[in-house]
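> Sequence:
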Amino acid sequence: MALFKKKNKENEEAAAAVAEQGFDYQAAALEALNAKLNGTLYDGCIIMPRGITIDVKIGKKEERENIKSVQFMFLVSSDSFDEPIIDPVDAHGPTDQEVVNMAVEIFFGGLWHPIDQSLFKKNPVHVPVTFLGQHFDFDMYAHSIVRIGVEHNNDPKMLMAYIANDIPKYLGSKKYYWIRIFLAKQGDRQIVEARVNGSVCYELAKPLTEYVNSWEKSDAFRCEKQFAIFVNRADDECPFKKEQVVDGAKFALEKMVKISNPEEYQAFCKELDDFTGNKDMATELRIFIPEIFAKLTLGYEEGDSLFLLTGDPNSEEGDNRLEFRKTQLRSYFYIQQTILEYLNTRPPQEDVQRIVFNSVAFRELRKAKEAGHEPKDLYVPGTAYRIGNPDYKVW
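The sequence shown begins at 1 in this note's numbering and counts up one residue at a time.
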C-alpha cells in the first residue's frame, strides 16, 4: 500500500507542476489529434504507420476580451521526406480545450487529409513534369480548402487550380513535394504566399493575387489555405543524399571564411572536390553559397529561377540559358538551410562579408548602388551558373 501511496503522491506533484505552468496545450493537442488518428502516443509525438511521426510545438499565447489565441505548429516527419512538413495554425476560443479542438480540426481537415490520401493512393491527379530533358510523373493529392475568419461570401475554390499550369515547373526529381498556399486579408493588409517544401516561391503565388484582391475589404480577419502532396511515381535515383550536401556546405563555409587570395581559392576548390567526391555537387556549393549569402544579407528581392549556362561563351553563338526553378535543384535549399543555421550562430561580420564579396550579385548590386539604386528596390530574376562537366545533370 505504501508503494501506491508514493506513486499517487508523485502523480499529484506532477499534476500540480503542470497546473502552475498553465494549461498544457501541447499535450492536449497531441491527445485530441491522436483520438482522431488512432496512432501511438510516444515520447511527446504521435507515431503513425509507414514511418510518419507528428509533433506539436506551441508558440505565442494571448488572451483578449476572454478569447484565447494560441499559435500551434504541427510538424509531420518521415524518412521519405527531406524536410518535415510544417503546418502553422492560429486557433482561438473562449476555453483552452476549444482552442485545442479548433487547432486539431484545422490540421486534420487540412494537411492530414492529403497525407492520408497519399499513403493509401486515394483519388490521385496525374501531374507530368518535363524539364532539362528529364521526365517525371507525379500523383497529386489535395484537400478541400480551409477557411478561417469572417463569413465568406463566395463558394469554396480549389486554390491549387489558380496555379495548376505553373505547378509542374516547380517539381523535380525528389520523391515527395508539397505545396502550401496561404491567403489572408485584414483591412489594407494581405498575404499571398505559396511555399514548395517549405520554401517561399514568389512567382508561383502571383496568379493568386487577383483572387485575394477580389475579397471584400473588411477590418475582420479572413484566411484561406490549402495543401497538396505530390508523390513521384519513380524511385529516387539521385547519387547523393541531403546529408552529403549539408556536410559539404559546412566544410565549404569553414574554408571560405579564411580565403584571402586566388591561390587559396584554387586550393579550396581541390579540397572541396576531394571532400564531396562529386565535382558537380562541389561546383554547386562553390557557386550557390556566395549567391545565397548575398540574397539573405543584402535584402534584394530574387525570383524563383535558376539559369544553367551551356555552350561556349567565346563562340559566335555564346551562352545558352536553360531556365528552371530552384525547387528543381535539390541542393539549392539544402545549402540555403545550412547557411541560415550558420547565420543564426551570429558569425563575425568580416567572415560573412568575405563570402558575400565573391558573389556575382554583390558585384552587380554595387554597380546599381553607384547608379543610385538601393538593394531593397531591386529585383533579380534568379541566379545564372555554369558547370564545366558536359554530362552534368540537375538533381
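Among the hints, erroneous ones may be present.
[As the list claims (entries may be wrong)] Simulated restraints on C-beta separations:
hint, residue 1, residue 2, range
1, I58, N123, 29 to 35 angstroms
2, A220, S78, 48 to 54 angstroms
3, D96, E216, 31 to 37 angstroms
If you are wondering where the hints come from, they were derived from the structure by calculation, not from laboratory data.
Keep in mind that this is a model prediction, so the values were computed, not measured.
For each residue, glycine too, the CB sits at the ideal point set by N, CA and C.
> For each hint, tell me whether it holds in the structure or not.
Hint by hint, here is what the structure shows:
1. The beta-carbon spacing between I58 and N123, approximately 34 angstroms, falls within the hinted interval of 29 to 35 angstroms.
2. A C-beta distance of roughly 37 angstroms is found between A220 and S78, which places it outside the suggested range of 48 to 54 angstroms.
3. Checked against the hint of 31 to 37 angstroms, the pair D96 and E216 passes, with Cβ atoms roughly 32 angstroms apart.
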